[in-house]
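Chain by chain, the residues:
2 protein chains.
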Amino acid sequence: MPARTPDVDIGALTGLIGYMLRRAQIAVFQDVFRAFAEVGIRPAQFSVLTVIAHNPGRTQSQVAAALGIKRTNFVALIDSLERRGLAERRPAPSDRRSHALHLTEAGRMTVRRLNRMVEKLEAGMIRRIGRHRRAVLLDLLARLSEP
Amino acid sequence: MPARTPDVDIGALTGLIGYMLRRAQIAVFQDVFRAFAEVGIRPAQFSVLTVIAHNPGRTQSQVAAALGIKRTNFVALIDSLERRGLAERRPAPSDRRSHALHLTEAGRMTVRRLNRMVEKLEAGMIRRIGRHRRAVLLDLLARLSEP
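Protein chains in written order, with our numbering: chain A, 1 to 147; chain B, 1001 to 1147.
Rather than coming from a laboratory, the hints here were simulated on the basis of the structure.
Honestly, I wouldn't trust all of these hints.
[As the list claims (entries may be wrong)] One side of the interface only, derived from the structure: several residues of chain B facing chain A at Cβ under 10 Å: (1) 1019; (2) 1026; (3) 1037; (4) 1038; (5) 1040; (6) 1058; (7) 1062; (8) 1063; (9) 1067; (10) 1068; (11) 1122; (12) 1126; (13) 1140; (14) 1144.
Keep in mind it's a predicted model, so treat the numbers as computed, not measured.
A virtual CB, placed ideally from N, CA and C, is assigned to each residue, including glycine.
Model the full assembly from the supplied sequences, consistent with the hints where possible.
Structure, rendered in structure tokens:
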């Protein structure tokens, strides 16, 4: 019988919140990327589309700040959504130097389609952790996200 | 009085595990990157160094599999650690075509220094979530990471 190779012990890492947070995020986002690829949308684009859908007419800087996205990255994100015909910049009524963000009709349809995917993905995660622990997890993650 | 701009509502996102997981991971890793920059080490390099420290002599494929890192990415990671003089590949005694991974003395010193940083970072996270909820969070994250 060949000598059995003992398992590699990664216990020094699985006890770390930082490491386990990254591993869970990578695992979850593999599924998200796969689902969203069908629509050619990345997770960050989904977040922006969702926030514009719920807050039409807000300026670029307001939406960027709410999502904690840096200005240059945010401008590139909006450019990509505008090129795809999903969102558009219009002059803001309050300050014509800034841009108010709106979804197009195609953008609203895409958001509805993405939301159905997200519902399924979230249901899968909730099955893994147990329904009654969803609120606990969201609360813990919010505490870690606070500046 | 100027018209007050209502806050941007991102409630449609903060109820999603996927979104909150990503936000928490980004917030936590900002601190990790800042701390590790002092030693010029990235989080993935820290994980590899830690696993080699606890499992000296394992092959590249064993360590890569335990960490869930793709082979090509893992080879590049080991290359970078070897160039820095922190880890080394030696022929594996059981199979001379494969490489056994070991830390150098400099690698062991770096791991000790990184561990002191990680202890502080983890203590900060535990303060945010409450000491008694650390085990709960680790368990929930492990469930989300399972393949």
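Each hint, compared with the structure:
no. : hint : in the structure
1   : 1019 : holds, 7 Å
2   : 1026 : holds, 8 Å
3   : 1037 : violated, 15 Å
4   : 1038 : violated, 16 Å
5   : 1040 : violated, 18 Å
6   : 1058 : holds, 5 Å
7   : 1062 : holds, 5 Å
8   : 1063 : holds, 6 Å
9   : 1067 : holds, 7 Å
10  : 1068 : holds, 7 Å
11  : 1122 : holds, 6 Å
12  : 1126 : holds, 7 Å
13  : 1140 : holds, 5 Å
14  : 1144 : holds, 4 Å
Of the numbered hints listed earlier, those contradicted by the structure are 3, 4, 5.
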